[in-house]
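Using the sequences plus the hints, can you model the full thing?
Protein chains: 2
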Amino acid sequence: MKLRTLALSGLVLASPAFADEGMWTFNNFPSAEVKKKYGFEPTKEWLDQVRLASVRIAGGCSASLVSADGLVMTNHHCARTCIENLSGLQKKDFNKDGFFAKTLADEPKCPAMEMNQLVEITDVTKRVQDATKGVADDKFAETQKAEIAKIEKECATSDEFRCDVVTLYRGGRYDLYKYRRFQDVRLVMAPEDAIAFFGGDPDNFMFPRYDLDMTFVRIYGTDGKPLKNDTHFKWSASGAKEGDLTFVSGNPGGTSRTLTVAQLEDDRDYRLPMRLFRLSELRGLVTEYQLRGPEQKRHSNDTLFYVENAFKALKGRHGALADAAFLGKLKANEEDFKKKVNANPKLKKDFGKVWDEIAAITKKNAAIRKEYGALEGGPYSDLFSKARTLLRSAEESGKPNGERLKEFTDSRLPQLKAQLLSNAPIYKELEITKLTWSLTKIREDLGPDHPVVKKMLGLKSPADVAKALIDGTRLDVLAAPEQKDPKTGKPVPANDTFSRTALFTGGKAAVDASKDPMIEFARRFDAEARAIRTRFENEVEGPLKKQQELLAKARFAVYGEKIYPDATFTLRLSFGAVKGYQEDGREVKPLTTIDGAFARHTGADPFALPKSWLDAKPKLNLETPFNVATTNDIIGGNSGSPMVNKDREVVGLIFDGNIQSLGGDYGFDESQNRAVAVHSAAILEALEKIYGAQRIVEELKGKATSSGAGSK
Amino acid sequence: MKLRTLALSGLVLASPAFADEGMWTFNNFPSAEVKKKYGFEPTKEWLDQVRLASVRIAGGCSASLVSADGLVMTNHHCARTCIENLSGLQKKDFNKDGFFAKTLADEPKCPAMEMNQLVEITDVTKRVQDATKGVADDKFAETQKAEIAKIEKECATSDEFRCDVVTLYRGGRYDLYKYRRFQDVRLVMAPEDAIAFFGGDPDNFMFPRYDLDMTFVRIYGTDGKPLKNDTHFKWSASGAKEGDLTFVSGNPGGTSRTLTVAQLEDDRDYRLPMRLFRLSELRGLVTEYQLRGPEQKRHSNDTLFYVENAFKALKGRHGALADAAFLGKLKANEEDFKKKVNANPKLKKDFGKVWDEIAAITKKNAAIRKEYGALEGGPYSDLFSKARTLLRSAEESGKPNGERLKEFTDSRLPQLKAQLLSNAPIYKELEITKLTWSLTKIREDLGPDHPVVKKMLGLKSPADVAKALIDGTRLDVLAAPEQKDPKTGKPVPANDTFSRTALFTGGKAAVDASKDPMIEFARRFDAEARAIRTRFENEVEGPLKKQQELLAKARFAVYGEKIYPDATFTLRLSFGAVKGYQEDGREVKPLTTIDGAFARHTGADPFALPKSWLDAKPKLNLETPFNVATTNDIIGGNSGSPMVNKDREVVGLIFDGNIQSLGGDYGFDESQNRAVAVHSAAILEALEKIYGAQRIVEELKGKATSSGAGSK
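The listed protein sequences correspond, in order, to chains A and B.
Each residue of the first sequence is one higher than the one before, starting from 384 at the first, in the numbering used here.
Each residue of the second sequence is one higher than the one before, starting from 384 at the first, in the numbering used here.
Heads up, a few of these hints could be off.
As the list claims (entries may be wrong) - Dumping the calculated DSBU-like pairs for lysine-lysine here, alpha-carbon to alpha-carbon at most 30 Å:
#1 B:Lys-838 <-> A:Lys-972
#2 B:Lys-714 <-> A:Lys-722
#3 A:Lys-695 <-> B:Lys-747
#4 B:Lys-561 <-> B:Lys-617
Claimed, not checked - If you want the footprint, here are the derived chain B segments under chain A, 3+ residues with CB under 8 Å:
#5 575-586
#6 649-655
#7 980-989
Stated by the list, open to error - Partial chain A-side listing against chain B, Cβ under 7 Å, derived:
#8 Leu-659
#9 Leu-665
#10 Arg-666
#11 Gly-667
#12 Leu-668
#13 Glu-671
#14 Arg-826
#15 Pro-831
#16 Lys-843
#17 Gly-986
#18 Asp-988
Keep in mind that the hints were calculated from the coordinates and are not lab data.
Note that the Cβ used here is the ideal one computed from N, Cα and C, for glycine as well.
Below, the structure written as structure tokens:
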């Protein structure tokens, strides 16, 4: 951790010298301040165009439209799951070997990748807050959920739209985000993992850096043709240079900058350590699992990547809170805020008790979180998740929309269905490993004498239970294959009562009748899992929402409206500049070049360049900028975000932050926190000279439509 | 963690109601206070006898002499390594199947097990403190080390004695402990792991409990015969009953009760989390490694046990410090102490700055600990450790005793030699796994660009480096086998320049000439490892010792001499009583019975009783007390300690503490912290009716000498 010389800016408080801080919503962007600092003022039209050219990957990443034919740019690590799924389906290893579809017809559909384009934002604060006015603590979450489900359903008039009521400022404002939903996304081009993630875990979150962490996919419409879209980013001829103003439009997943000190200390002392212990253990487990063989390595790479990335990111967060100077600044901010509230009798009366209330709720949460995590977060297995989804979907679909668990409300169904019924391959060997481990951890958390643990394990060991469940379940089957009459050779209806499709379409009757062992397993403790969830919602979530609404109101009252909300995995815009920084007394330059990758090549994983790069070296312009660091304020979820200049041209592709930025969950330090992107020039250089992807280059340059390039 | 309702006693401060707190030294035992509370006053003679009947296992456990023929009782988990080593040598699995030597002649020697009997304690405080009077901070550690080496050498007149200068009260007092050293220890009896560790990791540190965590070994003299010893514990006819006064004599490994708050916060925020992350990862790795096959499972069981046990123990400690109420009490204690120091001008002048100084040193330590851990804590591999020992031993043995690294001083050599040249089997497959992992972690800690990381890895991956080193080294060979002349069939001298014995006895010339890849690897960065160690000693260890001496003096001045020092893995005596406690509003009884084990048996590991128990059930008295909880103040290192009554009779065998006791590193809470022991009655019942170990039963009862029993 290199967070020593932190000079935290005002965080969410309006500070006199306006810093490059903030993950701003598009309807509250500080254009005037940007003009003051950088001489350019984004207009409403400019912001609208940027918003519409940005897309979100529903699973947790950002992306952008970069052609009129639905071509989308994102990170390799955002498409890893798709690439791994396609590898499994086609018995190839596209993560290792890379992928390029020579023509449109060669672009294969990603199982279960959904993209969302934000087309409209509507303020629904009054409606949401009115619904819960005077409602008791323990009914708060439930009441609000019902109102939100109603709003979302009214908005999502067809499966083409996805509507989410977004809680901003932790309850200070509620906006309805209406998205166009795309569920046919196909893989166009992906480089080899060895260059997309060059340096691997050791270089992850490090700078200087040399990664081509890019992938291109394409959105297809429901007509099966590439999406025609007027609004997309163009390509910058020059790319980003030192000092340039840069914007990043993407979906930061979450930040904790408005948590109270009681919550921060809970993060430092419990929440982060506990997650890190589990991630570490899983890391060791999967690392060794990979040695079972090449196929096991291939199908667990994605899991290992996720685990190592999360571990490093969360360890950085823990390190930030463990730094007394860093936490001290956050404590001082809270003291300042409290002082200002208490100095005003009206504010003191309305908001003076909020901090203590939140501290008390945090303690309540601590008392039930293990049980919540084990039973409702519960067992770690894709097949278990599918079983639970089927079981609950059957029950919930019979209820009025507003009374359902929120993931089963009408507006959420299209994504749920696409995930449940995707043809992504499932690896039973890995499933057994994950479930065994997870059952062991549940027993560890709750103790062998906990009644649900006894229901889960009976007289067996976790390993035996997991093996029996995974071997026995048929939920890995998407739909039973069509049968042929052995005599006539004609197709006959399959006797499909067991596949995911059959159980989902069969609804409650089919699920109730199911003797699938995994369904039976999920059924065995579903009542207890639902009970702890209800308890969490009534005793923690609802009361906390209520207090956080008050806290947000206090913050508006004290600091005004020109503040940005904590990140919520919704579209945000950040501004900044290409800029170096000081590290251990040395100057770190903001741009690296392609020859740096060759200098770092050792030949041994993760510092081995792929053969394609070694072969192409003589053709490459080694001075081409490769990666670039900027002061943009980003966080996990921003992966795949376009970095654009004031002309809305792509100058880079965000894929990381530096190690100093890992405390960014809690606070932003402009002197050291850096966003890290693939430079636009490196993308073109590689597509053209290494991957022979001329049709993509031309599409990016707007010279030819992709369909033209594909059909020639 | 169940540390919620903590009502910490006065800790090391003399509190008005004298608690069952303290790991007391034998020369400062509070006999009068024990009499006041329990009506029995241990005399000097009583204490001497208890001390002489107690023995320490040099590797990190406690034990006791329980017959006149050198029979020693300890925990199964303290002898695990011996049992696993013997299994490897004899191609058996004694951990799984248990072991019983029917006669003396069947007792096999444990590789590298050393036992120490404390025969004399001498106060050398003045001599040690005088040596460093006026010495500068950065020379303090070095100067003290030289004086201590001198004292120890004068005392250890032959290999039969081991002499350690023990730093008590973190520098408030220095005592010379003179031990009789025993290096021929043989295995007599061990039950199956399934009952020794019944409940496994889930039940570890839990109570109620049902473990027969016992093993019997025997000390043999240098004459190869069982040790004849007058002083040993006798067996209690009745065992411990609720309310009985109990003493535990053993070697608690270390406590942190006199750390300053700055050090405690460092523990909470860095030291404990970092260790826990690593232990978790290793746990996952070894858990999966065990699935490679039954042999791999067998030879890695000991590692997994160590890792899981350490994880659970340290997680408990972290949980204690993360508990604001617990830490708050420790903070209040420090405030009280500071206030008293500052209230007295003389004390203020002498000691007022100590806390700030210690905080500053703690920060310095933080800055170098990663490098220290990686380079001097070193790659995690037995073969690497042996290589480094050989390399350094060759260098150090040429230096004057006082200038050597402390592990190479004359008084330490017998143990070092026994470990280095033990015939314990080495499993190269496990070694590769450990070393690969460890090299990866070193790269993670220091970064791939660190000069030593480059020296370690060159252009290879950690896995390739580890495999080449472990496959290539011949340090697994203890001594080259004797050759025979193929013609005459007569023995000829082996061409042994490579074995550990050859390299050790060959000294510097042999080691310098060695081309063994592991020796070369260790040599490659030994200068850097020594340099960081020197830096640590000069900048952290020495200055800290100096301040801690002051702190100890301040504590004596404020609280008097009747206080106990932090644990130091030296012999201590604690007193207490058989007593239940409250947990989550329920009463936990202090005694369990054998039938509880049968009730807990599920048939699946770790809740599967061994066949011997199931078979013997009809013969057993199921009401026999099995495990017992007492208020004795113990901690890791106390494992294997005898629990005795006032007549110095064995009433139990300490093997664990309850989960509440895990915060005991930092503070003792008599209301909830419990020591957990195997009841003496259960030991006899099992030996007699399950294991048919009549010769041991008789020896314990003093009815026959072991040699008699064995030769019959």
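Have a go at the Arg-826 of chain A hint: is there a Cβ in chain B nearer than 7 Å to its own Cβ? holds, 6 Å
When the least beta-carbon distance from Leu-659 of chain A to chain B is tested against 7 Å, hint result: With Cβ-Cβ at 6 Å, under 7 Å, it holds.
Is the hinted pair Lys-561 of chain B and Lys-617 of chain B satisfied, with a Cα-Cα distance of at most 30 Å? holds, 25 Å
Would you mind confirming whether the straight-line C-alpha gap from Lys-838 of chain B to Lys-972 of chain A stays at or under 30 Å? Within the cut-off at roughly 27 Å; holds.
Verify the coverage statement for the region 980-989 of chain B against chain A, using a C-beta to C-beta distance below 8 Å and requiring 3 or more qualifying residues. Coverage by chain A holds for the region 980-989 of chain B (4 residues, Cβ < 8 Å).
Holds or violated: is there a CB of chain B closer than 7 Å to the CB of Leu-668 of chain A? holds, 4 Å
For a C-alpha distance cap of 30 Å, please report whether Lys-695 of chain A and Lys-747 of chain B respect it. Given pair Lys-695 of chain A, Lys-747 of chain B holds - Cα atoms ~24 Å apart, limit 30 Å.
With a cut-off of 7 Å on the beta carbons, see whether Leu-665 of chain A makes it to chain B. holds, 6 Å
Between the region 575-586 of chain B and chain A, see if three or more residues pass the 8 Å beta-carbon test, and mark the coverage as holds or violated. holds (count 4)
With 7 Å as the cut and Cβ atoms as the points, is Arg-666 of chain A at the interface with chain B? holds, 5 Å
Pair hint Lys-714 of chain B and Lys-722 of chain A, alpha-carbon separation not exceeding 30 Å: holds, 26 Å
Against chain B, with CB atoms and a cut of 7 Å, does the hint on Gly-986 of chain A hold up? This hint holds: Gly-986 of chain A lies near chain B, its Cβ roughly 6 Å from the closest one there, short of 7 Å.
Checked against the numbered hints given earlier, this structure breaks none of them.
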